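Enquirer: Each chain is listed here by its residues.
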Amino acid sequence: MNDTPYWNPRHETMPRDQLEALQVRKLQYLVEWADSQVPWQSNRLRDAGVTANQIASLEDLRRIPLMTRDEWMQGQLEHPPFGPILAAPQDAATRYHMTSGTTGKTPIRVLDSMKDWEWIAEMWCYGLWGFGVRPTDIVFVAFGYSTFIGFWGLHYACEKLGCLTLPGGAMTTEQRVKQIMEMGVTVVASTPTYALRMAQEAKQLGIDLANGPVQRLILSGEPAGSIPATKKLIESEWGAKAGDTAGMTELGTIMIFECAEQPGGTHIIEDHYIEEVLDPGTADPVPYGEMGERVVTSFGRGFIPVIRYRTRDFVVKVPGSICGCGRTFDIFEGGIRGRVDDMKLVRGTNVYPRAVEAIVREHPEIDEFQIHLYTAEGRRDEIELLVEIPGPNVDAEHLVSQLQKELAEAHEGLRFGVKKVDDETLPRFELKAKRLMDERILIGTEGEQRERA
Amino acid sequence: MKNVSGEELNPAQEKLVETYRLLSNVLMGHRDELAPYEERNAVKALAALWQVMNGLDLDPGQVYELGA
Numbered sequence: 009m010n011d012t013p014y015w016n017p018r019h020e021t022m023p024r025d026q027l028e029a030l031q032v033r034k035l036q037y038l039v040e041w042a043d044s045q046v047p048w049q050s051n052r053l054r055d056a057g058v059t060a061n062q063i064a065s066l067e068d069l070r071r072i073p074l075m076t077r078d079e080w081m082q083g084q085l086e087h088p089p090f091g092p093i094l095a096a097p098q099d100a101a102t103r104y105h106m107t108s109g110t111t112g113k114t115p116i117r118v119l120d121s122m123k124d125w126e127w128i129a130e131m132w133c134y135g136l137w138g139f140g141v142r143p144t145d146i147v148f149v150a151f152g153y154s155t156f157i158g159f160w161g162l163h164y165a166c167e168k169l170g171c172l173t174l175p176g177g178a179m180t181t182e183q184r185v186k187q188i189m190e191m192g193v194t195v196v197a198s199t200p201t202y203a204l205r206m207a208q209e210a211k212q213l214g215i216d217l218a219n220g221p222v223q224r225l226i227l228s229g230e231p232a233g234s235i236p237a238t239k240k241l242i243e244s245e246w247g248a249k250a251g252d253t254a255g256m257t258e259l260g261t262i263m264i265f266e267c268a269e270q271p272g273g274t275h276i277i278e279d280h281y282i283e284e285v286l287d288p289g290t291a292d293p294v295p296y297g298e299m300g301e302r303v304v305t306s307f308g309r310g311f312i313p314v315i316r317y318r319t320r321d322f323v324v325k326v327p328g329s330i331c332g333c334g335r336t337f338d339i340f341e342g343g344i345r346g347r348v349d350d351m352k353l354v355r356g357t358n359v360y361p362r363a364v365e366a367i368v369r370e371h372p373e374i375d376e377f378q379i380h381l382y383t384a385e386g387r388r389d390e391i392e393l394l395v396e397i398p399g400p401n402v403d404a405e406h407l408v409s410q411l412q413k414e415l416a417e418a419h420e421g422l423r424f425g426v427k428k429v430d431d432e433t434l435p436r437f438e439l440k441a442k443r444l445m446d447e448r449i450l451i452g453t454e455g456e457q458r459e460r461a
Numbered sequence: 040m041k042n043v044s045g046e047e048l049n050p051a052q053e054k055l056v057e058t059y060r061l062l063s064n065v066l067m068g069h070r071d072e073l074a075p076y077e078e079r080n081a082v083k084a085l086a087a088l089w090q091v092m093n094g095l096d097l098d099p100g101q102v103y104e105l106g107a
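Quick note, the sequences are listed as chains P and L, same order.
9 is the number of the first residue of the first sequence in my numbering; add one for each residue after it.
40 is the number of the first residue of the second sequence in my numbering; add one for each residue after it.
FYI, nobody ran anything at the bench for these hints, they're computed from the structure.
Since this is a predicted model, take the numbers as computed values, not measurements.
Any given hint could be a false lead.
Just a sample of chain L residues kept apart from chain P, beta carbon distances all over 12 Å, derived [claimed, not checked]: (1) G68; (2) H69; (3) K83; (4) L85.
In the DMTMM-like style, the derived pairs of lysine to aspartate or glutamate whose C-alpha atoms are separated by at most 25 Å in a straight line are [what the hints assert, rightly or not]: (5) K41/L x D25/P; (6) K83/L x E258/P; (7) K54/L x E167/P; (8) K83/L x E167/P; (9) K168/P x E72/L.
Beta carbons: idealized from backbone N, C-alpha and C, even for Gly.
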């Protein structure tokens, strides 16, 4: 059985009708559990007139109101530190974690019990096993271990698989790269940005990563793991396959992973989640192949039941059958496409950081970049791209001009300033990269007097 | 033995289910008779085997009252 490409072969290849029946049964239980244990959830369900025994199909899920991050954070402020969302007493918990604090006034704080923590690792096992990680692998986790949940679940999953697991916290990039080589590491887990950062460091140290022992990279934490140009660059720098995953603190773990077939997207772990894709404006479902906001319902973490949570992530769902791996789990084509909040309006044109990165990463001569939005002459939105081009033999002037052309073509003719800046002057990131600086005083030039977000 | 979906489990899977139920019963009924190392390791094993029960569609419910 251990030669199977699936962590749970029966579930991962289950016919869709059976998979949906399983989801309905789990949804009934989840609603019953939340209703009986969490008064806050119970009130919401009662107001919507929903009880567990009324749920007969996945259509009934839509009767349950959507839950937002703002509601979660407000609940925490009113009932600190966790809000009114816990379904079990705090003394049953063995783990405390929180979000990285990049969005909102207060981080989301969560608790997990021993069983929930095992489940969190279990979800990572779907992704690791599915991408080809096996007990004989040596895994380096390039992650600053802290209360930010990050790669904690991956670490425990690697131990569960039986891999030799190297916790790469509290180390410099140089130390990490050296240890990866010295220990013959075969799998590295990191953010896409940090995978590139380690590759830069290796070059400076004269280490040939591409001919080193690493065969796989497990990427998470940023959408870039599914941007083809970024993935291609990472794979070429490391001489290894790069697999995308995505998770969130609100769930405790990953909900999607790229399988070894690399179909250009990430399978949804549908025996543990329902992932809806809705129009962010109307909250109506969008069909396969159209972009919308992901809304997640999780069957896993009993401590904090999550039902119809608006993630603000943009995704495009397609049937699992587009992949040759045999899984029936649907796919988010291109992984997480970005966040609803990431989109910037510049002189009437939508600009997505992910789309800019996709263009920049087509040029491996660029080491680091930053998107800078500012207000010119107190009234006009401007956008510029700052780039580091360290290679002494690169025609930087030509590259800058080429970038200007490509960015404008991809953005309805919007004029981008592109500036070469001194090497090592732009910030480097270990976790979630923040490459967009919005320093506009006003948004828009059409008389809108709203202050910048 | 069948799961909730009506599928037959194989003999190896049945043994795992029996082990989980045995562990659960020990923790529910005989906790006070266990030394710390016995009790805590049993809870940890239960948390791991819960994943098997869940994956086999046996709807194991929650086990917070057992400390897992």
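Enquirer: For every hint, state whether the structure bears it out.
Expert: How the hints compare with the structure:
1. G68: holds, 19 Å
2. H69: holds, 19 Å
3. K83: Given a closest Cβ separation of 6 Å, the condition is violated.
4. L85: The claim is violated: L85/L sits with its nearest Cβ about 8 Å from chain P, within 12 Å.
5. K41/L x D25/P: holds, 19 Å
6. K83/L x E258/P: holds, 24 Å
7. K54/L x E167/P: Measuring from Cα to Cα gives roughly 24 Å; hence the hint holds.
8. K83/L x E167/P: At roughly 14 Å apart (the allowed maximum being 25 Å), E167/P and K83/L satisfy the hint.
9. K168/P x E72/L: With a Cα-Cα distance of about 29 Å, the restraint between K168/P and E72/L is violated, given a limit of 25 Å.
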